[in-house]
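Spelled out, the chains give:
2 protein chains.
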Amino acid sequence: MRVLITGAAGFLGRKLAAVLLSDGLSGTAVHELILWDQLPIAAPEISDVIIRSVSGDLLDEECQEAAMGDGIDAVFHLAAVVSAQAEADFDLGLRVNIDGTRALLGACRKLGTCPRFVTTSSVAAFGGELPDLVPDTQAPTPRSTYGMTKVVGELMVSDYARKGFVDGRVIRVPTVSVRPGKPNQAASSFASSIIREPLNGEAAVCPVAPDTPIWLTSPRRAVTALVKAAEIDAAALGDDRVITLPGLRTTPEEMTEALARIGGAAAAARVEWTRNEDIEAIVASWPGAFAATRAKALGFGADESMDEIIQAHIEDEL
Amino acid sequence: MRVLITGAAGFLGRKLAAVLLSDGLSGTAVHELILWDQLPIAAPEISDVIIRSVSGDLLDEECQEAAMGDGIDAVFHLAAVVSAQAEADFDLGLRVNIDGTRALLGACRKLGTCPRFVTTSSVAAFGGELPDLVPDTQAPTPRSTYGMTKVVGELMVSDYARKGFVDGRVIRVPTVSVRPGKPNQAASSFASSIIREPLNGEAAVCPVAPDTPIWLTSPRRAVTALVKAAEIDAAALGDDRVITLPGLRTTPEEMTEALARIGGAAAAARVEWTRNEDIEAIVASWPGAFAATRAKALGFGADESMDEIIQAHIEDEL
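For the protein sequence lines, the chains are U and A, in the order given. The first sequence lines up with residues 1 to 318 when you count with my numbering. The second sequence lines up with residues 1 to 318 when you count with my numbering.
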């Protein structure tokens, strides 16, 4: 099986690559893995597996040819401009998240083999006045350019799937915490920082109110969901290719309480509570909980507690 | 006031132009009207009003400059590839309905004056399993490429409005009947044909089941709604720029019954009931009725009966 990951240098891409190499996909070994990102990726050498790095723009036809010219069985499209970045650079947000996704869908269509196409959407699909528990049938009301581009991606993937161009699947992923690595330009970056940095003995800023509702998933669950999304029978999805994932409903206050339990009071004390209006405007527009009825029926699960999420981070990263 | 209409050669564009020239917009006379369509339009000569025709592609920057280079106060963007046509030519559907709309939004943004930007979406935003009465909060689930492109347009207009690039408004227009002129490539074209042609002594085919639910508006109501959408106070809309219009819930059977009452049994007998699977697949995916709660609160109205719609058609066109 030949699999392409875009945004492969990101933490989800790297974790996904490791899982695909160890477990395969749909019971079949991955014999070729193509890792596409803006900059070249040092591909690990593994016997019996070809791992290739493709670097450059999603819209670059030479890159598309290098990545997919030999055909592809499954694409995990993770490359995206994140929320605060798209809010600061509208044109870049549209170029990467809409035009890039469309270019990739077009390249898949050109193959004529209807490859599996898995990509992510976000809680940022929603904003404004919403029910406390957002049902699967809730109309997306993005209040950020990132969210808008993600919903456009959902619509395109569903229609390309309906037309038989790709076997598309989109998962709406909760805010991921604890991300390894450094803060990024996602408005939700703090949701990882306020756990990760204190555990490393460093200070972190929480830019939103302590009681802000947050819909969370661990990186482990997010990767499991990506693989599961690729493996689900297309017939179980029908024409609607968008799956809102279950998550853990929490708040920064509850997160730091769990941090105190696991990392000690000193760790929790490293969180500074300094509100930032720009970040807060984006994050507070996101719903705090989703019913995720369809995802649960399809067998997607959520983390049980913040303590479990922090423990998993310590096991995986520290 | 300087106003641009795209798709100005279409029947809605022509009717809208006439209303704008006679009534103005928001209490201000229209002193310049730009009529943009693929082919040149013979502009009527009216004293004190400049009427200009711009012909060519929405993506053509020279056309954009010709249409909007002097600034614009309001844009009515009606140019679109219709439903059956977009289903037959996927790339054309995306090019005109997504790229064209985005190009126009971009040209408005470049002006830096946040012009009013009114465009249309459709019942085709919805498909699949839906409640009998679709609420305003229902998630769009297009089951046609046309519907998908229209929802993408909604999302773009709302976000361009949120960013202050345009003062955007999108109305989801019910199926319009009775359209004057000839059948077009809309899957809903029959909804006009089965009234219009029999009244002209000609035969018409109804390609869907007699009891298919149809959500209808007269051309008069559609034009009134376009003008009203442009005139509503932006503060009343907030960040959500999409308005699902009220309509008349009917069926082809009820429509031909009204036709028999007004045009006589001989007219109704000119309707042939020959089902077409392709048309039916599209039309049957559309919901039969919308709550349209928000639109009603904003003062948008619907036609009272099919009889009234047919009478208005006779008055306006015959």
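Possibly wrong hints are sitting among the right ones.
For identical chains, the list gives no copy identity; a pair is met inside one copy or between any two copies.
Pairs of lysine to any residue residues, derived as SDA-like cross-links and limited to a Cα-Cα distance of at most 20 Å, are as follows [to be verified]: (1) 296 - 278; (2) 110 - 82; (3) 110 - 135; (4) 182 - 299; (5) 182 - 312; (6) 163 - 275; (7) 110 - 91; (8) 15 - 289; (9) 228 - 130; (10) 163 - 285; (11) 110 - 90; (12) 228 - 301; (13) 228 - 18; (14) 163 - 185; (15) 228 - 302; (16) 163 - 128; (17) 163 - 91.
What the hints contain is simulated information worked out from the structure, not anything from laboratory work. Since we're looking at a predicted model, the values are computed, not measured.
Hints and how they fare:
1. 296 - 278: Intra 33 Å, inter 34 Å, cutoff 20 Å: neither.
2. 110 - 82: neither (28 Å within a copy, 24 Å between copies)
3. 110 - 135: For residue 110 and residue 135, the Cα distance exceeds 20 Å both inside one copy (36 Å) and across copies (38 Å).
4. 182 - 299: neither (32 Å within a copy, 51 Å between copies)
5. 182 - 312: Classified as within: same-chain Cα gap 18 Å, cross-chain 65 Å, threshold 20 Å.
6. 163 - 275: Neither way: residue 163 and residue 275 sit 46 Å apart in one copy and 23 Å across, limit 20 Å.
7. 110 - 91: Intra 26 Å, inter 13 Å, cutoff 20 Å: inter-copy only.
8. 15 - 289: Cα proximity of residue 15 and residue 289: none, with 26 Å in one copy and 46 Å across.
9. 228 - 130: neither (28 Å within a copy, 27 Å between copies)
10. 163 - 285: For residue 163 and residue 285, the Cα distance is within 20 Å only across copies (15 Å; inside one copy 33 Å).
11. 110 - 90: between (29 Å within a copy, 13 Å between copies)
12. 228 - 301: For residue 228 and residue 301, only the intra-copy Cα distance (11 Å) is at most 20 Å; the inter-copy one is 47 Å.
13. 228 - 18: Within. Shortest intra-copy distance 15 Å satisfies the 20 Å Cα cut-off; inter-copy 56 Å does not.
14. 163 - 185: Close across copies (19 Å), not inside one copy (35 Å); limit 20 Å.
15. 228 - 302: within (13 Å within a copy, 46 Å between copies)
16. 163 - 128: Answer is between: at 15 Å across copies they meet the 20 Å cutoff, but 33 Å inside does not.
17. 163 - 91: between (28 Å within a copy, 12 Å between copies)
Violated hints, in rising order: 1, 2, 3, 4, 6, 8, 9; the structure is consistent with all others.
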